[in-house]
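Novice: Here the sequence shown is numbered in the working numbering, starting from 55 and rising by one per residue.
Hints should not be assumed to be uniformly reliable.
[What the hints assert, rightly or not] Straight line, CA to CA, 25 Å or less: simulated DSS-like cross-link-like pairs of lysine-lysine:
(1) K124 / K59
(2) K200 / K59
(3) K124 / K200
(4) K114 / K124
In short, the hints are calculated from the structure, not lab data.
Note that the structure is a prediction, hence the values are computed from the model and not measured.
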Amino acid sequence: KPCVKRGLKEEKLIPLGIPVSRICRREISKEAAREMLGLKKDEKYILAAGGSMGAGDLKKLVACILKSTKEEKLIIVCGNNAKVESQLKKARAKILGYTTQMNLYMKACDVLFTKPGGLTSTEGAVAGIPMVHTEPIPGCETDNRKFFGRLGMSVSAKTIKGQVQAG
């Protein structure tokens, strides 16, 4: 009840959650999403989302994922972060910058590694993709990670190695 502590009247607060686009709520099978994205239907795919703000050490996370995986394919969404996208170009992964098809990638992949931001985490929950929350930005993302974990909607760990093992 941080809002009440800061002076808002409790009766004025309506906990509705974060609205997500209709496209995120669209019913689509994993197989159909993979076909639309040109992904193989019989592979295992890991989705790592970095976005433009925060995301911790995405390079280190990617290196740890690649070291621990043998058969899974890694897809990395860097958002608007051109610097990270450039740094990861040599990784054994499919590197995307900004994409308007994040909802399809969430439907197509088997697990999502992402920081516990409100929007991506909510979209991931709506998509039904298992989530591993990575390093949060201190503040509301720390609370988000606790909330999602407490409800069994994500797993996490304090270290990158632990996060990869959790996934």
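Novice: Verify the proposed pairing of K124 with K59, using a straight-line Cα cut of 25 Å.
Specialist: violated, 49 Å
Novice: Within 25 Å, alpha carbon to alpha carbon, are K114 and K124?
Specialist: holds, 17 Å
Novice: Does the structure keep K124 and K200 at a Cα separation of 25 Å or less?
Specialist: violated, 30 Å
Novice: Measure nothing beyond the straight line between the CA atoms of K200 and K59; if it is 25 Å or shorter, mark the hint as holding.
Specialist: holds, 20 Å
Violated hints, listed in ascending order, are 1, 3; each of the other numbered hints is respected by the structure.
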